[in-house]
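With the hints as constraints, model all of the structure from the sequences given.
2 protein chains.
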Amino acid sequence: MAADIKRFRYGDPIETDAVTVGIPVSPGDPRGLKVDANAKTMSCVMSEDTIVYGLGETVRGINKRGWLYKSFNADDPHHEEGKNSLYASQNFILLDDGTDCIGYYFDHPGAVYFDIGYTDIDTCTVSFDDMDLYVYAIEGDTPLEIVREFRRIIGTSYIPPKWAFGYGQSRWGYKCAKDIREVADKYDELDIPIDMIYMDIDYMTDFKVFTVDPEKFPNTADFVAEMKARGIHVVPNTDPGVKIEPGYSVYEEGLSGGHFCKKEDGTELVAAVWPGKIHFPDFLNSDARRWFGDKYKVMTDLGIDGFWNDMNEPAIFYTDEILNGVYEELEELKGREMDIWGFFKFKELMESIDNNPEDYRRFYHDMDGRKVRHDKVHNLYSFNMTKAAGEAFKRNNPGQEILLFSRASFIGAHRYGGVWTGDNMSWWSHLLLNIKQMPSLNMTGFLYSGADTGGFGADTTEDLMMRWIEFSMFTPLFRNHSALGTREQELYRFKRKEDFRHLIELRYALIPYIYDSFVKAAKENDMYIKPLAFDYRSDQNCRDIEDQLLVGDSIMIAPVYEQNAKGRFVYLPENMKFVRFRSAEDYDTEILNKGTHHIDLALNEVAVFIRPGHRLPLAKPAKRVGDIDFENLKYIEG
Amino acid sequence: MAADIKRFRYGDPIETDAVTVGIPVSPGDPRGLKVDANAKTMSCVMSEDTIVYGLGETVRGINKRGWLYKSFNADDPHHEEGKNSLYASQNFILLDDGTDCIGYYFDHPGAVYFDIGYTDIDTCTVSFDDMDLYVYAIEGDTPLEIVREFRRIIGTSYIPPKWAFGYGQSRWGYKCAKDIREVADKYDELDIPIDMIYMDIDYMTDFKVFTVDPEKFPNTADFVAEMKARGIHVVPNTDPGVKIEPGYSVYEEGLSGGHFCKKEDGTELVAAVWPGKIHFPDFLNSDARRWFGDKYKVMTDLGIDGFWNDMNEPAIFYTDEILNGVYEELEELKGREMDIWGFFKFKELMESIDNNPEDYRRFYHDMDGRKVRHDKVHNLYSFNMTKAAGEAFKRNNPGQEILLFSRASFIGAHRYGGVWTGDNMSWWSHLLLNIKQMPSLNMTGFLYSGADTGGFGADTTEDLMMRWIEFSMFTPLFRNHSALGTREQELYRFKRKEDFRHLIELRYALIPYIYDSFVKAAKENDMYIKPLAFDYRSDQNCRDIEDQLLVGDSIMIAPVYEQNAKGRFVYLPENMKFVRFRSAEDYDTEILNKGTHHIDLALNEVAVFIRPGHRLPLAKPAKRVGDIDFENLKYIEG
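As given, the protein sequences belong to chains A and B, one line each in that order.
For the first sequence, the positions run 1 to 638 when the working numbering is used.
For the second sequence, the positions run 1 to 638 when the working numbering is used.
These are calculated hints, taken from the structure and not from any lab test.
Among the clues, some could well be false.
The list treats identical chains as interchangeable, and a pair is accepted whether it falls inside one copy or across any two copies.
Stated by the list, open to error - Once the Cα atoms are required to be at most 27 Å apart in a straight line, the calculated DSSO-like pairs of lysine-lysine come out as:
#1 K347 - K175
#2 K297 - K178
#3 K620 - K634
#4 K347 - K497
#5 K334 - K345
#6 K295 - K497
#7 K277 - K186
#8 K566 - K594
#9 K295 - K277
#10 K83 - K495
#11 K83 - K566
#12 K70 - K347
#13 K228 - K175
#14 K566 - K228
#15 K436 - K83
#16 K228 - K162
#17 K334 - K262
#18 K394 - K6
#19 K345 - K83
#20 K566 - K70
#21 K345 - K216
Bear in mind the structure is a predicted one, so any value in this text is a computation, not a measurement.
Below, the structure is given as structure tokens:
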């Protein structure tokens, strides 16, 4: 059967702009879904063999069965497996029992709840606060066919500049031009390739968006040019919250233009983020979006050609409304003896301050005439920030390729930029989570993606950093990023510098393969990185294995993600050539037979398996992407 | 070479009572350790092949390399891999590079810091706030020989009553006799075996230790007898904090006897825990220990014959000293605009309230004449609470077998009781942590041990519960326990009741093997559960694999600990008989060859591998341990 999509309408949906292809509304309900309008639920039965793919960037496995997920973009760095929401909301699921498969996209801008075998181990139930939405049911012969068809209707994925496939170094804590220059110098001294150095929030004047602190960066344009002359792109962080400060032009313009989100009473919402008190631009309004988008020109005029949009769930540290309430309740507890219940109340009060649901119900958007309370369209906020930037770049920087990626996301944003998976931790379990998130993000169009390699929060270790690099070297976005107060983790901080250099060089040798596979996947609505079962669907082991992935058409990877492991088990669905890389020039190859193996992989070794009939091109390692010779490649035959 | 132990003395050690065998002090330093008295460190080099075993109950793997651990008993339920301290402190490490091995025991009652390849990937450094301690260096031909020798000097492990090998159901939330009776009824209705029902803090009057609320339990002795008549032991929670309440006899006695911990000025420390304001008994004083121990008689006189000692790190919710300081600082922040730094300060203030290090420096112990500040001997607190109970049982209940286990622990306590691994979470990663903690606990003498099966905090899932049971059925302590406010997880709450019944019945069928292996390990200072490498040391794969374990002499287990996995990889160091159990009566067997396999294991299936030349006895399933026929066993030959 050819792939087929049907659209169904429930209630009075808000148009999200996630889908770009017009599809007539079908009568009835989607095949396989039992719709209960009173309960605001849609549910389906899962057989024992059913795998549920999807949900993009969230917790747990590639198979999403056995948990509760809430699509409601959340600023939660401490995202262990007990959490329900992460930074992103991608409401696409795909059920496959091995013979029958179907995909569903729930096009709804507010909270969506997925109970995938949690309450009842055999039932998948999707529910809504308001059942106003479109549901797309996508049929096809295989999961991959369904993904491709879904990707067709949501539009082509963003393709970044080629240099954005290089290695990037970041840290919350680089304070000035000197700090960034030092990073570049250290990498160059050690001959470790690098294409990007990121500027986290420190570069701004008092955390004011679209400013650069003139004391830290006395002549920004010259500095950016100096870095670019040595082949390094400086990529700043951009935040939605605009500091309330009379005289600050972005604040003044936003206020006089009426571009900020307002409360019920028509006054601007005041929330606090990095700079203290701020207003939020109303990205859901086309005038505000255009206004904010044009502000990026302040930065591109300085020569900057890459941005990461941060904090755009949007994260809220506090509002006075919540904080004053907390202070009142604290006053009541003061001096009292707290037993268990008092103590718990105290703790809960403290935890209620940031990202409080009440705050998300406190302000409104003007969706070009339609006034909508924020919580009803919460998941569109980051999408429209990304869109504001992406549209502005087309308008103001025609012909220029600009790097753009975001923390929060919603399907649709993939047309304008990529994502990183937010503030993870330096945990081995977050390396594994990274492995499992990548194919799910690919299904929903976010091809340019990757995690904070080495981990953002908490202290990393040299071995975690090395193993993480051995995975991240296959993700399109490849960035080492860490938080203020954690162990410094630039690669030159560690002991085995030579091994790190070899690994980054190997990434650069692989860029022709990675880039070509990426562009092909973007243009053909295909997946750059996918689960084994997408290509070996009838192989039961492949349906089960979540820690080996297919990258492009030619290779399978099997990263090590356990501390102190000197190897790992690997399953080959067919005979493949196992390449054990120590560097782009130093590797062994061996044909391994279909079946189960335990392979040794020393800390500095990377396993790549070339599929039969395929070959893996390797470029001569270069220090910058721009210096890679894409024409003269060496091939390892499969 | 025969096993050999040397003792070394540094500074002025506090006697901990961890070691029971007198060993003369040797001159010089232990082999392999570089001692730096100024830096208060002892360090050694690790080769690439060195595995570092030990540290008992803590985070991360069986091989402890690559992290920082701090021995300082901590009440931290949110113990992901970024943490450094858990509930227990067992300062024993064992380095093995495959040919040379050596064990070190750092006999120190305060904080001990282990940097095992964190700062320098090739160096293991142990450090102290005060370098007053004994170091025991244990030599032997194999890791197992070293463990046995170490166990010999710390004394024979506690052996609980046989019924304590049954299945136990617990939940913070059983409020009264009716609740507990209902649990028993439901298990009996479904024919699921059970031997214990636990009472968490709710059974007390206002959380006062050694009280039973007469409204909830109108006639406790009758109720305990009624439960015992149906073969179920009621096991209450016991806490160290004594509520400050004039007229409450335990408080009055403790105060008049001078049994509570005092501050510098000689007045009793006031801290807050469950009941509100409390005093802490000074378990490090022999009079206080005897006094508190005798209080257990209040409970044993009611027919109770099992106890779990909780909160004995000791956990502190707050003291007025800290809380008042926090209120003062909050007052200063009030009404101010908080930018990032203000907000972080606010958050830190809130997190400083419980288990504050300042509070642990605020009070003292009277160690039979020697006044010692609490933080210097922090890790002895729970040990001496366990000892108080264990000694009292010998004194007051001669000949009676009483179940006793503790949350916090220190080596030495293993002679008086077992441990559970504290307040874990309903996370798949905590099931894996449980697997990795068990052999480490065994090395340090804590044989009677197990985790809160299904997870204490957070919401469990049916599949997690089932997979966890499939591992916990091999741990001596086998308890399902969960926290107030989380999903209820008694087995009858789930859908696949029949599968759960079969699994618990299988545990009961295995009890003859488990019990005999346990008692043999205890008596011979051996390990009940151990890493593969302890028996297959020259097999590199066995040195690497941490998710398969040897249980007793005859079997290897390979639990599934990944959500939605329908099987797993397994490595066999020699040919073994693979038994795929669905129940004690329903299983397949198959000889699997030495090497690597991927085996299918449905959600209700348990993998056991019988070693060649061994056999696995199975009893006829019974509903109570007391009804198991230990004589008429069926054997599966290996």
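Here is what the structure says about each hint:
In this assembly of identical chains, the alpha carbons of K347 and K175 lie at most 27 Å apart only when taken from different copies (24 Å versus 34 Å within one copy). When the C-alpha separation of K297 and K178 is checked against a cutoff of 27 Å, the pair qualifies only within one copy, where the shortest distance is 24 Å, while the shortest distance between copies is 70 Å. When the C-alpha separation of K620 and K634 is checked against a cutoff of 27 Å, the pair qualifies only within one copy, where the shortest distance is 8 Å, while the shortest distance between copies is 65 Å. When the C-alpha separation of K347 and K497 is checked against a cutoff of 27 Å, the pair qualifies neither within a copy, at 44 Å, nor between copies, at 37 Å.
In this assembly of identical chains, K334 and K345 lie within 27 Å of each other by CA distance both inside one copy and across copies; the values are 12 Å within and 20 Å between. For the identical chains of this complex, K295 and K497 are neighbours neither inside a copy (40 Å) nor across copies (61 Å), given an alpha-carbon limit of 27 Å. In this assembly of identical chains, the alpha carbons of K277 and K186 never lie at most 27 Å apart, being 38 Å within a copy and 56 Å across copies at closest. Proximity of K566 and K594 under a CA criterion of 27 Å is satisfied in both settings, with 22 Å inside one chain copy and 19 Å between copies.
In this assembly of identical chains, K295 and K277 lie within 27 Å of each other by CA distance solely inside one copy; the values are 20 Å within and 57 Å between copies. Taking identical chains as interchangeable, the C-alpha atoms of K83 and K495 lie at most 27 Å apart only when they sit on different chains, with a minimum of 24 Å there against 35 Å within one chain. For the homomeric pair K83 and K566, the shortest alpha-carbon distance between copies (24 Å) is at most 27 Å, but the shortest distance inside one copy (31 Å) is not. In this homomeric assembly, K70 and K347 come within 27 Å of each other (Cα to Cα) both inside a single copy, at 24 Å, and across copies, at 26 Å.
For the homomeric pair K228 and K175, the shortest alpha-carbon distance inside one copy (19 Å) is at most 27 Å, but the shortest distance between copies (68 Å) is not. In this assembly of identical chains, K566 and K228 lie within 27 Å of each other by CA distance neither inside one copy nor across copies; the values are 40 Å within and 51 Å between. When the C-alpha separation of K436 and K83 is checked against a cutoff of 27 Å, the pair qualifies both within a copy, at 16 Å, and between copies, at 24 Å. Taking the shortest alpha-carbon separations for K228 and K162, only the intra-copy value of 15 Å comes in at or below 27 Å, while the best inter-copy value is 73 Å.
In this assembly of identical chains, K334 and K262 lie within 27 Å of each other by CA distance solely across copies; the values are 25 Å between and 35 Å within a copy. Proximity of K394 and K6 under a CA criterion of 27 Å is satisfied in neither setting, with 32 Å inside one chain copy and 75 Å between copies. In this assembly of identical chains, the alpha carbons of K345 and K83 lie at most 27 Å apart whether taken from the same copy (21 Å) or from different copies (25 Å). Only between protomers do K566 and K70 lie at most 27 Å apart by alpha-carbon distance; the minimum there is 26 Å, versus 37 Å within a single protomer.
For the homomeric pair K345 and K216, the shortest alpha-carbon distance between copies (25 Å) is at most 27 Å, but the shortest distance inside one copy (44 Å) is not.
Checked against the numbered hints above, the structure violates hints 4, 6, 7, 14, 18; every other hint is satisfied.
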